[in-house]
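Engineer: Sequence:
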Amino acid sequence: MLTQRPRGTEDILPGNSEKWQHVEEVARSLCRLYGYREIRTPIFEHTELFQRGVGDTTDIVEKEMYTFLDRSERSLTLRPEGTAPVVRAFLEHRLYSGMLPVKLFYIGPMFRYGRPQAGRLRQFHQFGVEVFGSREPSLDAEVIALAMDYYRRLGLEGLELHINSVGCPSCRPIHREKLKSYLKDKLEAFCPTCQGRFERNPLRIFDCKNPKCQELLKGAPTITSSLCPDCSQHFQEVLRYLEELNITYLLDECLVRGLDYYTNTAFEIIAPGLGAQSSIGGGGRYDGLVEACGGPSMPGIGFGLGLERTLLALEAQNKKIKVEDGVEVLVATVGEGMETKALRLLSLLREHNIPADKDYLGRSLKAQMKYAHRYPARLVIILGEEELERGRVTVKNLKTGDQEEVSWDDVVDFCLRAKECEG
RNA sequence: GUGGGUGUAGCUCAGUUGGUUAGAGCACCAGGUUGUGGCCCUGGGGGUCAUGGGUUCGAGUCCCUUCACCCACCCCA
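For what it's worth, the working numbering labels the leading residue of the first sequence as -6, then goes sequentially.
Worth flagging that the hints you see were computed from the coordinates, not collected in a lab. Any given hint might turn out to be false.
[What the hints assert, rightly or not] Here are the simulated PhoX-like cross-link-like pairs (lysine-lysine), alpha carbons at most 25 Å apart as the crow flies:
#1 334 x 315
#2 205 x 173
#3 363 x 315
#4 205 x 177
#5 359 x 313
#6 12 x 389
#7 205 x 315
#8 312 x 363
#9 12 x 334
#10 177 x 211
#11 12 x 211
#12 412 x 392
#13 412 x 334
#14 359 x 312
#15 392 x 313
#16 412 x 389
[Said to hold, decoys possible] Here are the computed distance ranges between Cβ atoms for each label pair:
#17 151 x 21: 17 to 27 Å
#18 272 x 315: 48 to 58 Å
#19 205 x 315: 44 to 54 Å
#20 308 x 0: 16 to 26 Å
#21 169 x 21: 35 to 45 Å
#22 214 x 21: 55 to 65 Å
#23 272 x 102: 16 to 26 Å
#24 230 x 344: 55 to 65 Å
#25 -3 x 181: 24 to 34 Å
#26 65 x 317: 37 to 47 Å
Backbone N, C-alpha and C define an ideal beta-carbon position, used for all residues, glycine too.
Please model the entire structure based on the sequences and the hints provided.
Structural biologist: Below you can see the structure in the form of structure tokens.
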């Protein structure tokens, strides 16, 4: 269908686009406060970047990527997430050879092919940050604090911060094996889904909602108990810093992030009451990713927040975003030959940064007044033959209904003053 | 990707056991005498009844296809 947008995409229309501008503006100003600078990477990248960066056994890479060949037979992919492209740019431009740490943020569309649902689109938007060059636990705390601060400033309440440590390449495999050997002889009793998870990602079994599976999991080894001393200490310090910052968290040993590159700290932010798409953001540390992408050994940490879901959460909590609309002045005309004067007045007002507009449908004065009210406009300047012959115009304040004649030369000043009064 | 629900004007919905030119409210535009909004009155524009096919003398109404959205799962943002 020619007039139908592709499945899983959205048009952001006036009335809504202002809300997007708001959530983006809050993100930008917050990043400035925290010392993060914006990076803009391409919408598409070489397919291999995501295969290596995200992990080629992940669902994202296996079945959710928008991959295509360009005219030179290069395999390209619309970015499904923000971290791998930022890492790529970080390496390509050798940002690691400058001042560390490098603190970056991005806002933009991501693409994943899946069955759409509310809060789950094929083209969706994320606000994310990435920091390279430090493995200090205090940085983990800052990154999490930034995410929580963002939601707080937007007015969201009752969010849950789930946090866990997924260990490092030296302790995670050990835990994985411990868990598998524990589950091995009980496997028959688990639900089919969990049996499938056993080989692919045994840690995911903890996620199962089936009460029978949960019962069977009691007594299973937890990741916390398998962490190596370094990881364990790092995690404890992160938690301590969070407490110092008064950020409440939920220790969630079931939390396993879906992307391969995470190490140590993993977290997820949940907005209860959003249905199945209640996870509005998440992130974690990825100390091995930069090196895996061919760069130097360089720790990293970041998060990605879903903007559509954030907006949904705001709506669910009845947090209205003020939409700025209307104009300061609407110029109305009466009689023939007023067009030129109206255009000149408009350009004069706009030169003085007074938002102004006029009717372009040749409406009667009555209809122009109605238009002004609907717009809405604060002032209407009426250009009529009678006044203009005396070098004057009529200015009507729609809020108070007051109306007075002002000389043409004073109109701009008059509007500026009126604007300040109501300012 | 799996299972289920829904689909009539821009929006919210009517539409009787299938039966003439498919309706209402809101919104939009114009009038209600000659230079001033909200209310009221009158009129107007706008729908291939999501799509393609089938059953029937006849389908918005019954059956199937496709598409889109919604819900759950999978996964995640």
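Engineer: Which numbered hints turn out to be false for this structure?
Structural biologist: Numbers 1, 5, 6, 7, 8, 9, 11, 14, 18, 22 and 25, in rising order.
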